[in-house]
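Colleague: Here is how the chains run, residue by residue.
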Amino acid sequence: MNGTWRVGEIVVVIAVILAVLLALGWYLSYTAVRLDRLHHRVKGTAAALDAQLVRRAEAALEVAYLAGIDPASATLLATSAGRVLDHEEAWSQERLDAESELTEVLRATQEPEAAQSAEVEELIERLRGTGERVQLARRFHNESVHEARDVRGQRLVRFLHLAGRAKVPLPINFDDDWPNAG
Amino acid sequence: MRIGLVCPYSFDVPGGVQLHIRDLAEFLIGRGHHVSVLAPADEDTELPEYVVSAGRAVPIRFNGSVARLSFGPIVANRVQAWLDQGDFDVLHLHEPAAPSLSLLTLWAAEVPVVATFHSSQAKLGALRAAQPLLQPGLDKISARIAVSEAAHRTMASSVGGTTLVIPNGVYVDRFCAAADRGPDPATPPPRIVFLGRFAEPRKGLPVLLAALPLVLAQVPDAELVVAGPGDRAEVKGTLSDQVAGAVRFIGTVGEEEKVALLAGANAYVAPNTGGESFGIILVEAMSAGAPVVASSLDAFEAVIGTSGAGVLFPVGDHRALAAEIVRLLEDPAEQQRLRSAGQERARQFDWSRVGARIEAVYDSVAITRGGPGPRGTGSPVAGPEGARAGSRPSRKTEAAAQSSGRGRHGRRAGGSGRHRTEEDRATWAASSVAASVVPVASSGAERVRGRLRRWFSR
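Top to bottom, those sequences are chains A and B.
Quick note on numbering: the first sequence equals residues 60 to 241 in this note's numbering.
Quick note on numbering: the second sequence equals residues -3 to 454 in this note's numbering.
Among the hints, a few may not be true.
Unchecked claim - Here are a few chain A residues that face chain B, going by a calculated C-beta distance under 8 Å:
hint	residue
1	A91
2	A106
3	A110
4	A196
5	R214
6	R217
7	F218
As the list claims (entries may be wrong) - Negatives, chain A to chain B, calculated, CB over 12 Å:
hint	residue
8	R65
9	I73
10	A74
11	L108
12	S159
13	E202
14	G212
These are computed hints drawn from the structure, not numbers from a lab.
Using N, Cα and C, we set each Cβ at its ideal position, and we do this for glycine too.
Bound conformation, chain A alone (with noise of 0.2 Å):
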């Protein structure tokens, strides 16, 4: 009888161990495949950074050409903005140095007062937009990075080298404050 008995406990002891490998187990794969989802995210974010960047310098290019601004800004915009576009992709010092550079003469810069024609308001307009859009990607891109690096912070994850290979996830920091938000 007190045979049956520890039959019995060790059925449940076992089952009970079972159950909390199981747990463990799914509990592994199911953040193993949340932190590559957000390190998938991170990608897209930093890419969408990238092309706004891209395009506020292009557009900061032609307002410097086209907009008729004095030919001094004109000359500073156009420097700023070409430095820019020389950086490829990578996320270097020197090119947030050049987009923090390419911020604060777009700050400085003034606008031409007298009434301009359509085309060159359409310019200025869209050169706007992407200094606003710049803002939003960059927001968005450090967002991801944070709930990335949220996830990889917790014990387990960093105990069992559950991000693998992937990089650290680095937020992206500049000045972009132009033009100002609302």
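Keeping the supplied structure of chain A fixed, place chain B upon it in accordance with the hints.
Modeller: Just chain B, lined up with the frame of chain A:
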């Protein structure tokens, strides 16, 4: 740009979210984008050409009212087909936390996703229980939009993350055209207007009906016009003779009738008691030039603002409502002031503003490198004509996508991405068994996973 919009609610029935999506789609098409809307709809419903039906919708209780949603494996297949065919740059899902089409699309999505949260729910226990099921989808959303601060709060507490608040839009001009006519002062009776699915308690018709005898005591010739779908006999049965004589039910009204009705109103009353996250109807009423009396829900307060563009009364307080209506009906000057203040305020919500902000969000998550031609080739001084053609978002430059080395096509061809989606869909099928929403034939392994998920979601 190629944009896919997903509407979780049936297009057969008019509703705030559906109208928002229709207007947004038309705005975007007007801006030169390629737009396709996926929505549940009955086979025989006549749909605008940009809408693709995802199949019939089933009425389900959700968020305090009956929503018509569609889901299940057949619908999931249709979603996949729509995504494959659409080849979208951006997906814009609405109400992604609702157990429906938006969620299905989210599971299958491989392109950047924008999501708009419309509802503000007080009770989120159910949502939290489903968190492990929702999280994989929510992780894919690049940009979150809430239509109001109330919706933002709901979202922040359930799914976290920062959000942009972009209100719903209205084509203000469509309503203004009728507003010029205004109510004919020579024709009493003073008219109070109520619009909406009046059988739903949260729309607040009972509050207005309770206020009506008090109004009639002061303004005996006032009449109440109730427009919207519902069982009028049921409501009429509960009314006293005096009140029944002053109430006129006109059933569902078309867009033009609605505008005329609002423009001719001496008071438009929105006595809603809850469940509203954005008062689009208030914006419409203000655009049409109706003096607005609304319950002081957060969503309504946000629309009316601090500008005094409408009158607010405490939620559910029929005495206060009656007092406000009487004050308004007896004061034509105040009506006139509210008319113009309301129209002024409504401009804030015009599609030209709202749509441009949504467009900016799409651009800031989409990966295509557009601009004037592929990078590096085009001369910067291409004439404005060329520049404009190049920037037309619909002209996606394949070369640019490839040169950037991470165009959609490259990613899609990759085996791992594909595989992941298959897996996602399998688990979705399994999880719908777990939630016992629809019976799905699935393999043993999937069933086990489904059970585990259910176990963990408790």
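Colleague: Against this structure, judge whether each hint is valid.
Modeller: Cross-check of the supplied hints:
A distance limit of 8 Å between C-beta atoms decides the matter here; for A91 (chain A) the minimum to chain B is near 11 Å, and the interface restraint is violated. The interface hint given for A106 (chain A) is met, as the beta carbon of that residue sits about 4 Å from the closest beta carbon of chain B, less than 8 Å. Look at A110 (chain A): its Cβ gets to within about 4 Å of chain B, closer than 8 Å, so that hint holds up. Here the hint on A196 (chain A) is kept, as its CB sits about 4 Å from the closest CB of chain B, short of 8 Å.
Annotation: interface hint on R214 (chain A) violated; nearest CB of chain B at approximately 19 Å, more than 8 Å. Because the beta carbon of R217 (chain A) sits about 19 Å from the nearest beta carbon in chain B, more than 8 Å, this interface hint is broken. Residue-level restraint check for F218 (chain A) is violated (minimum Cβ-Cβ distance to chain B is 21 Å; threshold 8 Å). For R65 (chain A), the condition that its CB be more than 12 Å from all CB atoms of chain B holds, with the nearest at approximately 29 Å.
Listed as outside the interface, I73 (chain A) is consistent with that label: its C-beta sits roughly 18 Å from the nearest C-beta of chain B, beyond the 12 Å cut-off. With a least CB separation of 14 Å from chain B, A74 (chain A) remains clear of the 12 Å interface cut-off, as annotated. With a least CB separation of 8 Å from chain B, L108 (chain A) falls inside the 12 Å interface cut-off, contrary to its annotation. Every CB of chain B is more than 12 Å from the CB of S159 (chain A) (nearest about 19 Å), matching its label as outside the interface.
With a closest Cβ-Cβ approach of about 6 Å to chain B, E202 (chain A) is found to fall inside the 12 Å limit, against its non-interface label. Even its closest Cβ contact with chain B, about 15 Å, leaves G212 (chain A) beyond 12 Å, as expected for a residue assigned away from the interface.
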